[in-house]
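K.L.:
Spelled out, the chains give:
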Amino acid sequence: MAAPAADDFRARAAAAAGDAALHRKLDVASLRFLDERAQVFAALPDAEARRDRARAVKAHAIASLATLLPQLEQRFTANGGVVHWARDAAEACAIVLDIATRAGVRLVVKGKSMVSEEIALNAALAAADIEAVETDLGEYIVQLAGEPPSHIITPAIHLSQDDVADLFARRLGEPRHATAEALTAAARRVLRTKFRAAGMGVTGVNFASAESGALVVVENEGNGRMALTLPRIHVALMGIEKVVARDEDLAPMLELLPRSATGQSLTSYVSLVTGPRRPDEMDGPDEVHLVVLDNGRTRLLADPIMREALYCLRCGACLNACPVYRRIGGHAYGYAYSGPIGAVIAPALLGVERVADLPYASTLCGACRDVCPVRIDIPHLLLEWRARIAAAVPRSWGERLLVRAWRTIAASPPLYHVATGAMRAAFAVVAHVPALAALLPPLAAWRRGRELPTFATRPFHRRWRERRVASPDGA
Amino acid sequence: MARKTVLDAVRDALADAVVPPLPRLARASAAPDRHVLAARFAREAGTVGTIVHEVEGLGAAISAVAAVLAATATSPRVVAWPTPLARTVATAAVAATPGASLHIVDDAATAPGRDPADDLAAVRAATTDVIAAADVGITEAEYLVADSGTLVLRAAGRARGVSLLPPVHVAVVACDRLVADLGAALAHLRATGARDSCITLVTGPSRTADIEKKLVVGVHGPCTLHVVLLAPPEA
Ligand code: SF4
Numbered sequence: 494m495a496a497p498a499a500d501d502f503r504a505r506a507a508a509a510a511g512d513a514a515l516h517r518k519l520d521v522a523s524l525r526f527l528d529e530r531a532q533v534f535a536a537l538p539d540a541e542a543r544r545d546r547a548r549a550v551k552a553h554a555i556a557s558l559a560t561l562l563p564q565l566e567q568r569f570t571a572n573g574g575v576v577h578w579a580r581d582a583a584e585a586c587a588i589v590l591d592i593a594t595r596a597g598v599r600l601v602v603k604g605k606s607m608v609s610e611e612i613a614l615n616a617a618l619a620a621a622d623i624e625a626v627e628t629d630l631g632e633y634i635v636q637l638a639g640e641p642p643s644h645i646i647t648p649a650i651h652l653s654q655d656d657v658a659d660l661f662a663r664r665l666g667e668p669r670h671a672t673a674e675a676l677t678a679a680a681r682r683v684l685r686t687k688f689r690a691a692g693m694g695v696t697g698v699n700f701a702s703a704e705s706g707a708l709v710v711v712e713n714e715g716n717g718r719m720a721l722t723l724p725r726i727h728v729a730l731m732g733i734e735k736v737v738a739r740d741e742d743l744a745p746m747l748e749l750l751p752r753s754a755t756g757q758s759l760t761s762y763v764s765l766v767t768g769p770r771r772p773d774e775m776d777g778p779d780e781v782h783l784v785v786l787d788n789g790r791t792r793l794l795a796d797p798i799m800r801e802a803l804y805c806l807r808c809g810a811c812l813n814a815c816p817v818y819r820r821i822g823g824h825a826y827g828y829a830y831s832g833p834i835g836a837v838i839a840p841a842l843l844g845v846e847r848v849a850d851l852p853y854a855s856t857l858c859g860a861c862r863d864v865c866p867v868r869i870d871i872p873h874l875l876l877e878w879r880a881r882i883a884a885a886v887p888r889s890w891g892e893r894l895l896v897r898a899w900r901t902i903a904a905s906p907p908l909y910h911v912a913t914g915a916m917r918a919a920f921a922v923v924a925h926v927p928a929l930a931a932l933l934p935p936l937a938a939w940r941r942g943r944e945l946p947t948f949a950t951r952p953f954h955r956r957w958r959e960r961r962v963a964s965p966d967g968a
Numbered sequence: 007m008a009r010k011t012v013l014d015a016v017r018d019a020l021a022d023a024v025v026p027p028l029p030r031l032a033r034a035s036a037a038p039d040r041h042v043l044a045a046r047f048a049r050e051a052g053t054v055g056t057i058v059h060e061v062e063g064l065g066a067a068i069s070a071v072a073a074v075l076a077a078t079a080t081s082p083r084v085v086a087w088p089t090p091l092a093r094t095v096a097t098a099a100v101a102a103t104p105g106a107s108l109h110i111v112d113d114a115a116t117a118p119g120r121d122p123a124d125d126l127a128a129v130r131a132a133t134t135d136v137i138a139a140a141d142v143g144i145t146e147a148e149y150l151v152a153d154s155g156t157l158v159l160r161a162a163g164r165a166r167g168v169s170l171l172p173p174v175h176v177a178v179v180a181c182d183r184l185v186a187d188l189g190a191a192l193a194h195l196r197a198t199g200a201r202d203s204c205i206t207l208v209t210g211p212s213r214t215a216d217i218e219k220k221l222v223v224g225v226h227g228p229c230t231l232h233v234v235l236l237a238p239p240e241a
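Residue numbers (our numbering), protein chains in the order written: chain A, 494 to 968; chain B, 7 to 241.
Only chain B is shown next, with the shape it has when bound in the complex:
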């Protein structure tokens, strides 16, 4: 009823309207070279307060993350995505950090203290409890957008809360995931046929300027954002 009324009103209102052509959108010509993109990403991400670690080789990535863990808390509680790179780096970095503990959020069934008779909602609430109590969340970005210093995060097979609830967020990403601009990232995503319920673009730590336009970093989301940008070791 309301649907018909609204849509009829829209149709009537536009009866004489001419639809102008869709604009041609600017597309980055040839994708610039990886080093150029990495430098641009680091510069843009740096201006919004993201801490970028450019490292060569997996070992260096693990050391970088271990250093972040050690600097965050004495016995940091860590949650991580189950994606291959995040899992590998998180596992090794936690092993290298005295007192650190790791929970890989890979399946609701692994939530600690779960009784198999529990209903799914309770299991999920328990998982969110673990994520919310963590000091550090480790994720893996699908793409990095150089022009705006942005991480593109997927949801499939993952818990969104890992990049949102802990006060420190560390994203690990291989530098072949760098793209020039947002348009390119969205086009790539569409080409993969991703069916995630939510794609999240993250550009810097959470922030506000609602009081006298003063910038305060760390409102509801993470206060600190690290990106570990992983280049293959130079041969």
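Only chain A is shown next, with the shape it has when bound in the complex:
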């Protein structure tokens, strides 16, 4: 995905909100994710205490980045690796490109990396005539389809099995109506030859330990292991927020990431990479490079309220839990990071004026905060963005008047009862004569895609009083 065009979010979201087929696909996958996540957390002893611990590990690490990053660099270099620093996406791409061209690399195999999507590495490589092949099955599917991924964990969540079968029939000559097993086998066949032929493997980094300089790559398919084992050069892309202090901090993180992401106790594979092949090892890359990327993260870091967004493990649980994400999908957000956490970090990474609609793409129901393994208070951060966006725009006198009136009414029970009574009457009329709603422009806009609620015939406060009179003990 090239330069993100998050600015026409409303149009994309509106289109996706009317796409019933998309909703079905998103619901099938996300609800199953949530279900499996809930089961595996229920079976984990002291799950809540473990979440507190994982959050504390990240809180310590993020506050200590100024010492942990140089320490990681020193250890990783001592282990024989090379560390590169990139201020922004262009710089990161230039670094990878330089390593590739210098070694005469023509083909790059890629493990899953959200940073790679963020910096649009594939486009940069293609411009230099270097072929980059995604090897995670979901990433491979969306690459074949010419689309960006639409979910952090399940890139092709917006495609059904039939969609993928059609795509493989068109692009790979596979039979139509293939099963998931047959499609997976086809990808295995095609990509095996790529792994063997590639001169460079690119992966992301889920965690790094400053203590030992180990990079942790978490995956299920084995494509990550291929990419960091078979090609002569391994390049790992990492945001500055991935480092933790100690090796022993990795265990609590590895305990929670797969459980939140896919409902697994642990993924099939976790690689702890500390550098290039040692002389007594029979395979593994001769060169290992680590690209450490800022690209706006230090803006989040400098913001004491938003800082906790850097605790994110990219598990994707908040996407699955979000009722808005499940209706509009990842593409609507127009950015590599979608869903609730995308709506929090995009304004910082891209500039709030470019994506000012994203913090409003939430019902603030709190489901994201409830599932977040490191308890990031996403609704609070979204509200904070809204407050900042609102504060930057002068309020009209009409709006100010409305707020003042509401404040007076809400603070006085008699006024409140009169006002709600009037509302009830008005809604009853509008319900009978729907055409009336069109007369009130704000109401008409609100009604697009919504049903007018019907008021209860007797308001709550009256029923409450009657109940108390009927049973004076208040029960």
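Rather than coming from a laboratory, the hints here were simulated on the basis of the structure.
Cβ atoms here follow ideal geometry from the backbone N, Cα and C, with glycine treated the same way.
Heads up, some of the hints might be wrong.
[As the list claims (entries may be wrong)] Here are the computed distance ranges between Cβ atoms for each label pair:
{"no.": "1", "chain 1": "A", "residue 1": "Ala-903", "chain 2": "B", "residue 2": "Arg-17", "range": "29 to 39 Å"}
{"no.": "2", "chain 1": "A", "residue 1": "Gly-639", "chain 2": "B", "residue 2": "Asp-125", "range": "37 to 47 Å"}
{"no.": "3", "chain 1": "B", "residue 1": "Gly-105", "chain 2": "A", "residue 2": "Asp-591", "range": "48 to 58 Å"}
{"no.": "4", "chain 1": "A", "residue 1": "Thr-570", "chain 2": "B", "residue 2": "Arg-196", "range": "12 to 22 Å"}
{"no.": "5", "chain 1": "B", "residue 1": "Ile-57", "chain 2": "A", "residue 2": "Pro-816", "range": "33 to 43 Å"}
{"no.": "6", "chain 1": "B", "residue 1": "Gly-163", "chain 2": "A", "residue 2": "Ala-504", "range": "51 to 61 Å"}
{"no.": "7", "chain 1": "B", "residue 1": "Arg-201", "chain 2": "A", "residue 2": "Asp-591", "range": "38 to 48 Å"}
{"no.": "8", "chain 1": "B", "residue 1": "Arg-17", "chain 2": "A", "residue 2": "Thr-570", "range": "15 to 25 Å"}
{"no.": "9", "chain 1": "B", "residue 1": "Asp-125", "chain 2": "A", "residue 2": "Ala-571", "range": "52 to 62 Å"}
{"no.": "10", "chain 1": "A", "residue 1": "Arg-664", "chain 2": "B", "residue 2": "Ala-37", "range": "44 to 54 Å"}
{"no.": "11", "chain 1": "B", "residue 1": "Glu-60", "chain 2": "A", "residue 2": "Asp-863", "range": "38 to 48 Å"}
{"no.": "12", "chain 1": "A", "residue 1": "Glu-674", "chain 2": "B", "residue 2": "Ala-73", "range": "47 to 57 Å"}
{"no.": "13", "chain 1": "A", "residue 1": "Pro-816", "chain 2": "B", "residue 2": "Asp-125", "range": "55 to 65 Å"}
{"no.": "14", "chain 1": "B", "residue 1": "Arg-196", "chain 2": "A", "residue 2": "Pro-816", "range": "36 to 46 Å"}
With chain A fixed as given, assemble chain B with the ligand onto it according to the hints.
P.N.:
The following block gives chain B with the ligand in isolation, referenced to the frame of chain A:
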């Protein structure tokens, strides 16, 4: 230049930040008894599709591996690590399996058809070719993590490809390598001062759920994972 800019920005951003204390991490109290760990490992490994063979004595381990070989292909091509247990078991199991052939990946120099004038890269590519063409890879786990049913594999003196490229992976391990949790395995590794370029944690065969969240086993890595858990014969 970029390094300084990024690190300066990090330092400035955190100028007023208070560093909260590192959490105390939970540590398993006394290591549970071997049988408890073995049972837990077998249960956890089983839930992710690992086939666990609990055997007593080397002879039983060899028979278990020979049975896997015979069931895999008519003349299975086998590659194995040169570590003592893997070498012993692989050699005997292949000898007991009609038509089976064995390549112990112990040194680049042993790659078949190697001309001494070849450069190292070519030798290594040839070794990887042999591994990639094999039906079964036999390795030896450094630790087994009971809580998650995980194998901990080292790289020193070994080829990582043996546990990755063949469609069937068999790991042999003595049951005194069982530990309770991942934290314990990582602590043990650190204590040994291992300098491997890569430590690999393996929990089940390779898998994906990228198409409609349907579980498919066997993507890029092995489709089948066997663990032969070797207890000393009861006296
Ligand atoms: S914000 Fe929390 S739930 Fe969302 S992806 Fe990050 S870690 Fe997962």
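K.L.:
The structure should be examined with respect to each hint, and the outcome stated for every one.
P.N.:
Going down the list of hints, with the structure as the test:
no.: 1; hint: A:Ala-903 x B:Arg-17: 29 to 39 Å; result: violated, 46 Å
no.: 2; hint: A:Gly-639 x B:Asp-125: 37 to 47 Å; result: holds, 40 Å
no.: 3; hint: B:Gly-105 x A:Asp-591: 48 to 58 Å; result: holds, 50 Å
no.: 4; hint: A:Thr-570 x B:Arg-196: 12 to 22 Å; result: holds, 19 Å
no.: 5; hint: B:Ile-57 x A:Pro-816: 33 to 43 Å; result: holds, 41 Å
no.: 6; hint: B:Gly-163 x A:Ala-504: 51 to 61 Å; result: holds, 59 Å
no.: 7; hint: B:Arg-201 x A:Asp-591: 38 to 48 Å; result: violated, 29 Å
no.: 8; hint: B:Arg-17 x A:Thr-570: 15 to 25 Å; result: holds, 20 Å
no.: 9; hint: B:Asp-125 x A:Ala-571: 52 to 62 Å; result: violated, 28 Å
no.: 10; hint: A:Arg-664 x B:Ala-37: 44 to 54 Å; result: holds, 52 Å
no.: 11; hint: B:Glu-60 x A:Asp-863: 38 to 48 Å; result: holds, 40 Å
no.: 12; hint: A:Glu-674 x B:Ala-73: 47 to 57 Å; result: violated, 26 Å
no.: 13; hint: A:Pro-816 x B:Asp-125: 55 to 65 Å; result: holds, 59 Å
no.: 14; hint: B:Arg-196 x A:Pro-816: 36 to 46 Å; result: holds, 44 Å
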